[in-house]
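Participant: Dock chain B against the given chain A, drawing on the hints supplied.
First to last, the protein sequences are chains A and B.
If you read the first sequence in this note's numbering, its first letter stands for residue 92, the second for the next number, and so on.
If you read the second sequence in this note's numbering, its first letter stands for residue 2, the second for the next number, and so on.
Straight-line Cα separation of at most 20 Å, EDC-like style, residue types lysine to aspartate or glutamate; simulated pairs:
#1 LYS218/A with ASP50/B
#2 LYS54/B with ASP34/B
#3 LYS272/A with ASP59/B
#4 LYS509/A with ASP59/B
#5 LYS55/B with ASP269/A
#6 LYS212/A with ASP50/B
#7 LYS93/B with GLU288/A
#8 LYS55/B with GLU276/A
#9 LYS509/A with ASP50/B
#10 LYS277/B with ASP469/A
#11 LYS55/B with GLU265/A
#12 LYS560/A with GLU577/A
#13 LYS272/A with ASP50/B
#14 LYS508/A with ASP59/B
#15 LYS277/B with ASP332/A
#16 LYS369/A with ASP162/A
#17 LYS509/A with ASP34/B
#18 LYS418/A with GLU368/A
Bear in mind the hints are in silico, worked out from the structure with no lab data behind them.
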Amino acid sequence: MLNGSRRRWGLAASFLAGLALMSPAVAQTPKTLKVTMHADVRTLDPFWTTQTIAGIHGLMIYDTLFSSDADLKPQPQMVDTFTVSDDRKVYTFKLRDGLKFHDGSPVASKDVVASMNRWGKRDGAGKQLFSYTASLEAKDDKTFVWTLKEPYGLLIETLAKIGTSIPFVMREKEALVDPFKQIEEVVGSGPFVFKKEEWVPGSKTVYEKFAGYVPRKEPASGHAGGKVVKVDRVEFIWLSDPQTAQAALVAGEIDYLENPQPDFLPILESTPGVKLEKHPAMGTMGIIQLNHLHPPFNNVKARQAMYYLINNADYLNTIAADKNMQKLCYSYFGCGVAMETDAGSDAYKAPKDLKKAEALFKEAGYNGEPITILHATDHQYINPANLVMIQQLRKAGFLKLDVQAMDWGSVVSRRAKKEPPAQGGWNIFITGTSVLSSSNPITHVSVGMGCDKAWFGWPCDQKFEDLRKQWAFAQDVDTRKKLAVELSKRAYDQVPYISFAQWVNPVAYRSDKISGVLSVPSVPPMWNIEKK
Amino acid sequence: MTTYILRRLLATIPVMAVVALFVFFLLHLTPGDPAAVIAGDDASPAEIDGIRKKLGLDRPIWEQFGLYVWNLLRGDLGTSIFSNLPVMTLVKQRLEPSLVLAVATLTVAVVLAIPMGVLAAWKARSTIDRVVMGFSVLGFAVPVFLVGYLLIYVFAIQLRWLPVQGYQPLANGIGGTLRSITLPALALGMTYMALIARITRASMLEVLSEDYIRTARAKGVATSGVLLRHALKNAAVPIVTVIGIGFALLISGVVITETVFNIPGLGRLTVDAILKRDYPIIQGLIILFAASKVLVNLLIDISYTLFDPRIRQ
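Here chain A stands alone, though its shape is the one from the complex:
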């Protein structure tokens, strides 16, 4: 009996071992980089949606006029040279030689003009730039002129931005498509060609090296410099389960994992051949968004009271237990970036004071009305953040909470409702933004206080908006830093939202299999990476 059992186990093991040997024979396999990004490529038009994954896909196939280097400084990319008039209103750009689309046609100024116009209708920073634009014209095949109504100081920075939507250059044919409709053909002039016939949405997206791409001569730095492709193919393999994604990296089935779940970082750190990479400006900032239209948070006292209830550290310990990934950050513009400032944050940094919070809520006229919280239960960090916040608010003892559990898709839909909470509206929801987006007061949409034009929650403060405009017109970093301090003080006074934490999302990759991974805060590039 024992022998029979052993024989059966032996047979089972032989079957599995046999399967292990059944790998298809491979001759001259192309060098393929296998990566798992934070999301799946489901949309091919990087202007149609502002999802970051659409930006990552766009970065593979399209090129940009400018790019940000590792220090987040703008550098020319498709642009060869440019001049600025003395009154800083007229920018003249010349494209560099050798630029061509994947169909072989040369990149011309008319493509750039059409692309910028399309992008400027969808992207927040783009809309801002175009609101100060007098004209954008192609002068000849390689030269185009951007004329401003006023000396807006962020033109180059905006064209170099790496937060979505990135100002990619498309063919004029696609760029003339209504920006609210998706383009049909995906033909860029970037370092990779999209293989549409191999695209399986929800599973795999494939790119091949574009042999006709002419990289810049400068070494690669961040998203700037020479985009030298050192592999034949890149496959984005979508692994929706974080456990499986980390197991695939450990087993060497993928080379690069953009966004490992914080729980698995200790495992990855201790795995031989796996390296974690982080950029100083990398990370996520949590946002407790308050609705400024309805009681109690239409009163500034109630919004300020939240500082005495919300404890930043609790969120960090829940979301990113690894201390190396935490940043106890009190800057509205993120930490580890040029505009970092905690000016005005004294109340938030002070020890929590439930009595003070209760007094402020009373001053705001709060009398036990239910506070409606939209709780997304299906989101990696928003769900635990909600649980922590609900506990902190319940601990106060005087707030009546109406917690409504739903999926993130429902929150996204519901947050747009301006009606009072009792009629389908809301008081609080939690979301997040990248530190990169928040590092610029213009691209940081949640901090804007433009009333009806503001982000969900609709904060309203003209003084803050005036300061924002001054920041956008400042011509040097020092002036911007000074203005950021003023902006921070005003934000802490008016409380557009409560920032609850900042944590780092490092990328993980097989350092024993690949090298040349570029350090960037977001939207990882796949050029410069070599497969050993």
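Facilitator: Below, chain B alone, put in the same frame as chain A:
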């Protein structure tokens, strides 16, 4: 028989119509907005309105329903809002992994579970019976994701015999497909094995107490003959029903297994579409799933006549 099949096929038309109506209105009454998902987190309400208009989601619901039915009648399941690809193309991409996983899972389950169930019934109330039933309870109780992670840990990470994730299409060679499907089929097969073993045991126990079994034994028929030719054949109707329903369930998606092992099947396509409110995909898939369930039920009914000729009358 032909009349019977035709009658059954015609009866599916009102079923499908009700499903279409139900699916459409249920989806559109559910909170959530694809335009908001498309627009992204930084979009303004005006931008979301613009996208909604372009997608035709601002039109009256009856107008949207009319268009949906008209397209359905022409065999057009629509186009995905996000990927801009026809729903049928997306279904075709996912059909093979789902079918292969379903067949592999049921093969593993049937090959192991039926002998286990027969053995348990034959040796009822013995240690063998308890072991088989204990395994069945375990198969039901242990979540499939846990079995999946354990199999990955042992066979993919520690032993490196099989891949952690992914599916290799049949076109690339049967070897690759078998390698990629073995762990998911084993993980998923546990539940079905438990189910089929229990049903087989219960059905066999009932048949084994029949008079004709006692007669067969009295006539000196060997135990194997009694069990397989007399008992199992007569106990087959409920077993086939469970296998058939299991197949239909497997086709319409085993989301957790597909997610854990990264199998690009129909289950994940459905859940992803629901989370993003990609209405055309959800509507198209539910119609297809309903059709497949109707078809499988028909096949089950036909198979009854093979095992029990009395049903033909």
